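There are 2 protein chains.
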Amino acid sequence: MSSNFSSSGQQKAARWHPPSYDIRVETIPIPEIQHPDDVIVKVKLAALCGSDLHIYRGTGGVDKLHTCGHEFIGEVVAVGSSYGKEAAGRPALYSKLKVGDKVVSPFTSNCGECHVCRLGYTARCPKGALFGSPALEGGQAQYVRVPTAGGTLYNLSDSSTWSSALPKEVKEQALTGLSDSSLLMLADILPTGVFAATQAINHPKVAPVITGRPWPLCFNEAGTIDTGNEVSFTDEDKILTVAIVGLGPVGVCAAISLLDTLATRNIPFRIVAIDPLESRREKMKVVYDTLSTSLERVVARKEKVKDCTSGVGATAVLEVVGNNSALTLSYELVRAFGVIVSVGVHGDPPFPLVGRQLYNKNVSLDFGRCPARAMFPPAFDLLVKRQDIFGTVGQPANLIDRIVSLDDAAESYRAFDKGEVGKTIFDPWM
Amino acid sequence: MSSNFSSSGQQKAARWHPPSYDIRVETIPIPEIQHPDDVIVKVKLAALCGSDLHIYRGTGGVDKLHTCGHEFIGEVVAVGSSYGKEAAGRPALYSKLKVGDKVVSPFTSNCGECHVCRLGYTARCPKGALFGSPALEGGQAQYVRVPTAGGTLYNLSDSSTWSSALPKEVKEQALTGLSDSSLLMLADILPTGVFAATQAINHPKVAPVITGRPWPLCFNEAGTIDTGNEVSFTDEDKILTVAIVGLGPVGVCAAISLLDTLATRNIPFRIVAIDPLESRREKMKVVYDTLSTSLERVVARKEKVKDCTSGVGATAVLEVVGNNSALTLSYELVRAFGVIVSVGVHGDPPFPLVGRQLYNKNVSLDFGRCPARAMFPPAFDLLVKRQDIFGTVGQPANLIDRIVSLDDAAESYRAFDKGEVGKTIFDPWM
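Each protein sequence line maps, in turn, to chains F and Z.
For the first sequence, UniProt numbering gives the first residue as 1, with consecutive numbering after it.
For the second sequence, UniProt numbering gives the first residue as 1, with consecutive numbering after it.
It is worth saying that the hints were derived from the structure and are not from the lab.
Among the clues, some could well be false.
Just so you know, same-sequence chains aren't split out, so a pair can sit in one copy or run between any two.
Unchecked claim - Straight line, CA to CA, 25 Å or less: simulated DSS-like cross-link-like pairs of lysine-lysine:
no., residue 1, residue 2
1, K238, K127
2, K127, K306
3, K102, K64
4, K171, K102
5, K304, K96
6, K306, K42
All values reported here derive from a predicted model rather than from experimental measurement.
Hey, can you work out the whole structure from these sequences and the hints?
Quick look at the structure:
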């Protein structure tokens, strides 16, 4: 254990009080190890996320006082008895994680060793929980307890425990070269953006454009089926049109991930990024300029998609908002035989579409929470690659609006909820 | 043109009269060529399909008198002026199709040469229409007009215009060896079953089980990402569990396609086939026995899925019914991070799920009509391969219940609607 850490002390934490709109910075006990797999993390930075607003507004379906926040990075200051010894058959971190390690956490915990985690569906681990909910105290505090930490955390101090396609020397540089605010993007928004893009690119309804071969020949290795009656694709047929509905930080990350993947794989694309807020559209334009790809990119208030596809619509729509008006717009924008990938957090209002609409347009829908721990490898590689965007707060394309003291949590939630400020980071030691 | 065919004559046709439950066999004019791309087909056999019942019952959203039926095979007896000459850049059939050719039609017409058709999404061709609807007279008649026939039809007389993975000699045998009742399965039910299975097998949420690598590494070529922290899959993790909701002929075809693909690719699977009707479950058991695969297959009334997956649920659910109770059951059966593939025809009742349910379970949904023309290649190959099932009416595993005269159409619709008879074929010359 770290010599300068005592779990018997007190700490500051931003706490949500029911029923709504009530955030208080309070002094509470520092969390303690409760289970051999737990670790305690001293929080270096924690961020405010759009999905925090569901609970803030009282529409999150919860009513219990708790510490807020599901995006944080920090340093391990105490470990449970599982750590520091052989852990055969368990993820490597259950033996290797130690006091002093710098870590980033996904926004949900996961054990890393059950059936669900083995398949990479870490966001739905039966042992897991969302940080900053009644089920698990959050990271907008000075210290946070991380359960099943050997499955949950990404150890930024030991590249041998990463999953990454990066060369060894790039990994080594990344250990020291990345800013904390940049690494904080890994907790939620960057993997969630990559998750949205990954689902779209790998969806069977998108396969003809990706492979250049019609449905269902796109699923066969080239040449196994003689294409007797088919006509060759035109250049326009080969363009993947993707609409992004919602240009908050996750929507921008989805665009960055899409552009990077499609440009790398040399797939022609057209991305139409849509948001009603001018400030968000302006940020998207700056990010586009930074990425400097030569392909078609449009930022619009809405509904430019049909204009630039001769009325066909988008092959994929990324819905990054999480309400019925975004879903309805996505349905209007998607082509027949297209896919809507929704990573927004949805609530309980009646679904805005009926079965006949979905059947008549042959629409696919992908819902759900990003398995952020599983998405770390591609998200981390993208973070390293795009330091021109993620690296430094204040760079024109950077997604962080401000870094403030945790003491300002109540006012920050209020202003964030009103749209007066963008992505906000708390420094609990400022 | 055929010497024994005159388009100025009269024919028998089964006609739907609004508002509901009113089928009459009437004498009407033989259809004529209306457009250079049309052909007239003399119908050899036409089938009754579960989805005919939407219009029959008056719930199909249409109110215009028309000839019924969207499943038929026959012989070309007249061709428009497009045919018999060079048709550069068009599908081969626009030049090669000729009087006397034996053809099978998909249940919707499609031009074969627009953007939508080139991508293989033939069921949503902007020029296309559903046979047996107010938009296009159907095939439960002695003759039927097929628009854009060079894109629509599959020429069973000329294997050079097929798309198929079959060796040349097998194709040649198929030209003469397949029964008409067997070929009629290509019009709708077999490609729709293959469509359901294909969507499930190629869905990104199913990829970990198919590839044996976790999300999202399942999308990378092996070895590009070092899997530092992951734990190996168990044997159970590698089993693909699929539930099929609805064991009508399409559901059985979906099961056959799944079993064939998964066995061929050596992917361990567990198929749970569900229907409330004992007669359908019994048919499914006979088909299973005929397929004689060694892997786990269960036929059940419902909800055996969780028992045999330790409560996890099915990775994919094929919903082959098309109503809200089937959708709701599919949601109950599907695992977190699973996919529901719906090929049933859905109507206008409010959607039975809300966004929070879909988000909380990370569910994907694929809706829509089979692009039957595009699915002909794998469906045809499966038809040839599984003649033990599809070949002969009266074989225990065959999906056809009876062949009757078109004169019996009204009584057949009544009995089919009541569930008193199964898949029924009309011979309009009997």
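Here's how the hints hold up against the structure:
1. In the homo-oligomer, the alpha carbons of K238 and K127 lie at most 25 Å apart only across protomers (21 Å), although the nearest pairing inside one protomer, at 43 Å, exceeds that limit.
2. Proximity of K127 to K306 under the C-alpha cut-off of 25 Å is restricted to the inter-copy arrangement: shortest distance 19 Å between copies versus 44 Å within a copy.
3. For the identical chains of this complex, K102 and K64 are neighbours neither inside a copy (31 Å) nor across copies (70 Å), given an alpha-carbon limit of 25 Å.
4. In this homomeric assembly, K171 and K102 come within 25 Å of each other (Cα to Cα) only inside a single copy, at 15 Å, whereas the closest approach across copies is 64 Å.
5. Within a single copy, K304 and K96 get their C-alpha atoms no closer than 51 Å, and across copies no closer than 41 Å, so neither meets the 25 Å cut-off.
6. Within a single copy, K306 and K42 get their C-alpha atoms no closer than 50 Å, and across copies no closer than 41 Å, so neither meets the 25 Å cut-off.
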